[in-house]
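Protein chains in written order, with our numbering: chain A, 1 to 150; chain B, 1 to 275.
Just so you know, the hints here were simulated from the structure itself, not pulled from any lab data. These numbers were taken from a predicted model, which means no experiment stands behind them. Check each hint, because a few of them may be wrong.
[Said to hold, decoys possible] Below, in silico cross-link-like pairs of lysine-lysine (PhoX-like), each with a Cα-Cα straight-line distance of 20 Å or less:
hint, chain 1, residue 1, chain 2, residue 2
1, B, K175, B, K20
2, A, K135, B, K193
3, B, K238, B, K217
4, B, K217, A, K135
5, A, K135, B, K256
6, B, K238, B, K256
What follows is the residue order along each chain.
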Amino acid sequence: MSVEDSIRRHRFFRDISDEYVRSIAAHAKEDTFNKDEFIFREGEDADSLYLITYGKVSLELSTAHRGRVIIQTIDEDDVLGVSWVSPPYRWQFDARALMLTRAIRIDAYNLRRLCDEDNALGYRLMKRLIDVVIKRMQAVRLQLLEIEEM
Amino acid sequence: MMEDRYNPYIPTVYKIKNVKKETYNTFTLDVEVNGFRFLPGQFNMLYVFGIGEVPISISSDPAYTNVISHTVRRVGYVTSALCNLKRGDSIGIRGPFGNPWPIDECEGNDILIVAGGLGLAPLRPLIYHILSYRSRYGSVELLYGAKTPKDILYNRELARWRARFDVDVYITVDKADSNWFGNVGVVTSLLHKVHADPSHTYAFVCGPEIMMRFVAKGLLEMKIRPSNIFISMERNMKCAIGLCGHCQFGPEFVCKDGPVFNYDRVEKLLSIKEV
């Protein structure tokens with residue numbers, strides 16, 4: 001399957017026009033990560049948007065007393081990485097593949113440029129990204145409440 | 001001569017057959033009974049002599065009527081006493097009480113079961129029943145959320161159910177270290193994995209109230225009909241037959257009208273603090 005097809009099939013880009021998908025695919029490539037391989041580390045340049053097509057990724061933080069703490073897992077058909085949207089474009093967490101993981105890596109600089117040049121595309125992508133961020137924020141709030149224990 | 005009538009206030013004395021440690025603070029008590037019939041979702045009042053009585057859901061297979069199980073978390077005085085019981089000890093049981101999961105009504109539909117923490121216990125008899133009559137149902141999916149990997153109940157059963165080709169089991173935990181290779185996040189984060197047809201799905205939810213509220217919201221967003229969503233409530237039940245009012249929940253008595261409620265019926269009550 002071509003990168004373009006993989007993007008088109010991914011939930012995040014569903015119903016985005018072929019023309020837009022083609023222009024985005026020009027700045028995308030497939031990446032594979034082995035189990036335990038870091039996809040990115042906290043503090044590094046947030047230079048990509050990852051569309052997970054297979055596998056599972058953990059977002060983690062290293063802490064002095066508790067070691068590595070997994071904050072959330074992200075899997076197939078989900079997106080990894082939102083820090084590329086706002087300055088200073090640095091990853092806030094570590095992302096580690098929990099199993100063999102395949103992803104489409106979209107270059108963030110060019111994706112931002114495409115969004116700036118075509119506000120209709122930018123608006124649609126930002127709306128979807130906001131949806132991802134809201135869902136994750138709500139999930140984190142529930143996690144803080146420890147809802148499985150109340 | 002007086003007729004030997006069933007009196008719901010008088011416990012029957014049974015013997016503990018086995019005590020199984022499920023997690024560091026949760027135990028399953030198997031009780032030797034004789035022809036004890038119940039429906040999935042019903043509960044018993046368990047009486048520890050000299051200590052007190054608590055309502056506990058029945059967590060065993062309804063097909064087995066000679067041994068029933070109750071999964072108990074050590075949280076208070078009576079539950080601690082229950083968890084300290086040993087094989088051969090006596091226990092008083094009143095029951096079964098309450099409204100069960102609608103096992104007949106949901107036949108022919110896809111089944112989605114969502115459990116949080118100890119909420120898997122009242123759902124386990126339902127899962128056993130559905131798996132015993134698997135051909136009567138469409139797809140069967142179980143979403144289970146626990147606080148940490150150490151809090152996961154019924155590990156052996158979960159592994160067995162997961163190994164079946166006709167059931168999808170997804171598990172998540174709220175907190176984990178790097179030794180855990182499963183999902184991390186609240187149980188609502190698993191909802192997007194569900195493949196059931198929303199217009200023909202019955203959803204059964206049990207867990208802490210706040211979890212059930214958010215799961216129900218997610219289910220409604222997926223376009224599952226509110227009338228097809230069932231939740232199991234927990235309140236401080238005492239008499240268990242709807243007389244004392246301890247478990248009043250708005251106009252309902254959880255012990256008699258519940259513990260299983262149609263979401264339609266209790267949706268508004270769930271967000272009222274005073275209720």
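Q | Hint check against the structure, violated hint numbers in rising order | A | The structure conflicts with hints 1, 3 and 5, although it agrees with all the remaining ones.
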